[in-house]
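Let's have the full structure, built from the sequences with the hints guiding it.
Protein chains in written order, with the numbering used here: chain W, 1 to 390; chain D, 1001 to 1307.
Derived by calculation from the structure, the hints in this document are not laboratory data. Every value quoted in this text rests on a predicted model; they were computed, and no experiment measured them. Backbone N, C-alpha and C define an ideal beta-carbon position, used for all residues, glycine too. Hints are not guaranteed to be accurate.
Restraint-style ranges between C-beta atoms, simulated for each label pair [as the list claims (entries may be wrong)]:
id	chain 1	residue 1	chain 2	residue 2	range
1	D	Gly1146	W	Gly304	46 to 52 Å
2	D	Val1234	W	Lys94	27 to 33 Å
3	W	Thr210	D	Pro1104	32 to 38 Å
4	W	Arg124	D	Leu1008	26 to 32 Å
5	W	Lys272	D	Gly1146	23 to 29 Å
Simulated pairs of lysine-lysine, DSS-like, Cα-Cα distance not exceeding 27 Å [claimed, not checked]:
id	chain 1	residue 1	chain 2	residue 2
6	D	Lys1153	W	Lys272
7	D	Lys1176	W	Lys253
8	D	Lys1153	W	Lys211
9	W	Lys300	W	Lys272
10	W	Lys90	W	Lys211
11	W	Lys272	W	Lys379
12	D	Lys1153	W	Lys379
13	W	Lys139	W	Lys169
14	W	Lys190	W	Lys253
15	W	Lys170	W	Lys139
16	W	Lys139	W	Lys30
17	W	Lys170	W	Lys183
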Amino acid sequence: MNKRLTIVLLLILSTWVIAPAALCGKDTIKIGINAPMTGDIPKVGEGTKFAARMWLSDIKAAGGLKVGGKLYQVELVIEDNESKAESAVKVNIKMITEDEVLVIVGPQASKQAVPAGDVANNYRTAMITPWSTNPDTTKDRPYVFRGCFLDPFQGPVLANFITEEFRFKKAAVLYDVASDYPKGLAEFFKKAWEGLHGKGSVVAFESFTTKDPDFSSQLTKIKRSGAEVLFTPQYYNEVALIVQQAHELGWNKPIVGSDSWGSAETVQLCGKECFGLFFSAHYAAAGATGATKAFIDRYKKEHGYVPDDVAALTWDSLLIVQEAIQACGAITGNLDKDRRCVRDALARIKKFDGITGQMTFTEDGDPIKCVVIVKISDKGEYEFYKSVCP
Amino acid sequence: MVFFFQNLVNALQWGSFYALIALGYSMVYGILMLFNFAHGDIFMVGAYIGFGVATGLVALASMGALALPTWLILVLTIIITMFLTSLVGMMVERVAYRPLREAPRASAAITGLMVGIILETGNLALLGARRVRFPTLIESTTYDIGGVFVTNKKIMIVVVSLLLMLALDQFVRRTKWGMAMRAMAFDYAIVPLMGVPINTIAALTFAVGSGLAAAAGILFGVAYPVLDPYMGIVFGWKAFVAAILGGRGSILGATLAGFLLGFIEIFVAMIFPSTLRDLIAYSIILLILTFRPHGFFGEPYSARLRL
Chain W
1 MNKRLTIVLL LILSTWVIAP AALCGKDTIK IGINAPMTGD IPKVGEGTKF
51 AARMWLSDIK AAGGLKVGGK LYQVELVIED NESKAESAVK VNIKMITEDE
101 VLVIVGPQAS KQAVPAGDVA NNYRTAMITP WSTNPDTTKD RPYVFRGCFL
151 DPFQGPVLAN FITEEFRFKK AAVLYDVASD YPKGLAEFFK KAWEGLHGKG
201 SVVAFESFTT KDPDFSSQLT KIKRSGAEVL FTPQYYNEVA LIVQQAHELG
251 WNKPIVGSDS WGSAETVQLC GKECFGLFFS AHYAAAGATG ATKAFIDRYK
301 KEHGYVPDDV AALTWDSLLI VQEAIQACGA ITGNLDKDRR CVRDALARIK
351 KFDGITGQMT FTEDGDPIKC VVIVKISDKG EYEFYKSVCP
Chain D
1001 MVFFFQNLVN ALQWGSFYAL IALGYSMVYG ILMLFNFAHG DIFMVGAYIG
1051 FGVATGLVAL ASMGALALPT WLILVLTIII TMFLTSLVGM MVERVAYRPL
1101 REAPRASAAI TGLMVGIILE TGNLALLGAR RVRFPTLIES TTYDIGGVFV
1151 TNKKIMIVVV SLLLMLALDQ FVRRTKWGMA MRAMAFDYAI VPLMGVPINT
1201 IAALTFAVGS GLAAAAGILF GVAYPVLDPY MGIVFGWKAF VAAILGGRGS
1251 ILGATLAGFL LGFIEIFVAM IFPSTLRDLI AYSIILLILT FRPHGFFGEP
1301 YSARLRL
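Below is the structure:
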């Protein structure tokens, strides 16, 4: 009996403690972070989290986020989407309906960002994905934005780069057919390559499904096809396996990658096999200057390694979000109204000078920005090779 | 022709993994009439233990505490890991299966799935989600034999797998324990009445199966050096298919079916677009099972099956 009474008393007490906090919630701005903390690409989630925490500590150091002359506390709601499409959708719904976030940053990979963007758009909550390059993420979705270039641009850039750099005419592609990003980019690359070299110039277009560790039959086929270069738009964990197996099967021609290669863990997993290879990226850490260098140095000091593209893009996206919230003028406490205000403010941003370069936003909320071609040096660093701007 | 032989080599390596894992499934199923769905995850645990042991040994060797050549490190890693993973397998049997021995078979199968999830998420909690790279124990050397590229790793994987299968065959056929296992497979109900200790045999079966899975895990780490906590799931399913295809409890059957599965997967991708690989590969296996429902070496009657 006594025990039950204590519990009841505790419950009553706890409502007293919680209720005022909930009422005070108006002075707190919540920002949702939808990131792959576990699953296939956990390093991407880690970079997202670290960059977001760095941004938050800046806001905290300034005493809060100033909107219309008033300081607001900022809270980050970081949720794990397990790098699964269905979990990313669940996370978005939870953050929008339960946590009542003002705006969402993430998810990173297109496989999650495409379906999650649909949720954000339906619930009328602005979402900005830092890293998703697939066009479908923002297409016909007024509430969804992004912080990076798009695959219809990246594909042709890579096709042009390989043509100019190596003067090759026949290419092979190996991609994951079960994931939006590699599949989309593989097709854009194929189209661009065939535009340059005529039909049939992509001599092998081979695929696998997520989590396959063995690519020997595909690579044997690619080798026999007479291709001069292998393009593989895969994530960092698969890059290590593909490159190693290709070399073991006697493939000694170039292998070219896309922006998904730009993880801090690619070289760690791949080792010497990856040295000397090219891939497209959002920024090159080696040789950076100005604000970009300041960010890299700070990140490196706090976390012990050079930040990858995802971390830098997340940082930029959060600054874009910050600018939009501040442009809103006031936070009314009416969530629907504030969310719409943030989305309108995001849509009004036309130019942004980020650490990953200058961005000009189109009508659809997509930035126009440069692609950087990076070479993996003999020390395993990502060296700036050239930059291609639209 | 070169193309064909290259794929043959690829398939031999790929099939070795299926065969080694299928053996563990097949033994537990044959002797204890139990689907050990956690077996794929025991393979994963083996790979991770192997990673730990190998990293430790490499560190000791580089500090100069142990002057070991790398091939000896690999041999030691395999032996120590097989032993440790056998203990894990015995523990799984003790904790998850022994209490349910009299329970309906479906409950035991479900338990296996749960143990699998516990092992996966336990690993996630212990080591975090990051990928680990299996240390390079043998430098890869590629031999070009008339256009067919073979690495020393591939040869090593196939040879070690075949040696282990041979050892298992001898163990089951020549030793007293092996005889007890075969007897148990013959009649699960009567043999314990003859004084064969069922608990010991069950534990031993799990230990041997887990040891083989551990060996597969290390060889996997050598061939595909990126490990993740969920790597055992799909492997487990496919090896399970191989075990059934081979016939209940048949060592030769599981071995052959494992290799066959590897061959079908590789050669389907060789002939057809790789997108359709699993679709066509597993349709073929479904077709085989339709005509041989007991697998290659399974018994034609199933009166004793308790499922």
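Evaluation of the provided hints:
For D/Gly1146 paired with W/Gly304, a C-beta distance near 48 Å keeps the hint of 46 to 52 Å intact. Checking the proposed 27 to 33 Å range against D/Val1234 and W/Lys94 shows it holds: the Cβ atoms sit about 28 Å from each other. Between W/Thr210 and D/Pro1104 the C-beta distance comes to about 35 Å, which sits within the given range of 32 to 38 Å. For the hinted restraint 26 to 32 Å between W/Arg124 and D/Leu1008, the CB-CB distance of approximately 58 Å leaves it violated.
In this structure the supplied range 23 to 29 Å holds for W/Lys272 paired with D/Gly1146, their Cβ-Cβ distance being about 27 Å. With a CA separation close to 17 Å, the supplied pair D/Lys1153 and W/Lys272 stays within the 27 Å bound. Note on D/Lys1176 and W/Lys253: the hinted pairing is violated, with a Cα-Cα distance of about 56 Å set against a maximum of 27 Å. Taking the CA atoms of D/Lys1153 and W/Lys211, the gap is near 22 Å; set against the 27 Å cutoff, the hint holds.
Using a Cα cut-off of 27 Å, the hinted pair W/Lys300 and W/Lys272 holds, with the two alpha carbons roughly 23 Å apart. For a cut-off of 27 Å, the pair hint linking W/Lys90 to W/Lys211 stands: about 22 Å separates their Cα positions. Proposed proximity of W/Lys272 and W/Lys379 is supported: the alpha carbons are some 9 Å apart, at most 27 Å. A distance of roughly 26 Å separates the Cα atoms of D/Lys1153 and W/Lys379; the hinted pair therefore holds under the 27 Å criterion.
Using a Cα cut-off of 27 Å, the hinted pair W/Lys139 and W/Lys169 is violated, with the two alpha carbons roughly 33 Å apart. This hinted pair checks out: W/Lys190 and W/Lys253 have alpha carbons roughly 19 Å apart, not beyond 27 Å. For the suggested pair W/Lys170 and W/Lys139, the alpha carbons sit about 32 Å apart, so the restraint of at most 27 Å is broken. The straight-line distance between the Cα atoms of W/Lys139 and W/Lys30 is roughly 26 Å, inside the 27 Å bound, and the hint therefore holds.
Distance check on the hinted pair: W/Lys170 and W/Lys183 sit about 20 Å apart at the alpha-carbon level, within 27 Å; holds.
Checked against the numbered hints above, the structure violates hints 4, 7, 13, 15; every other hint is satisfied.
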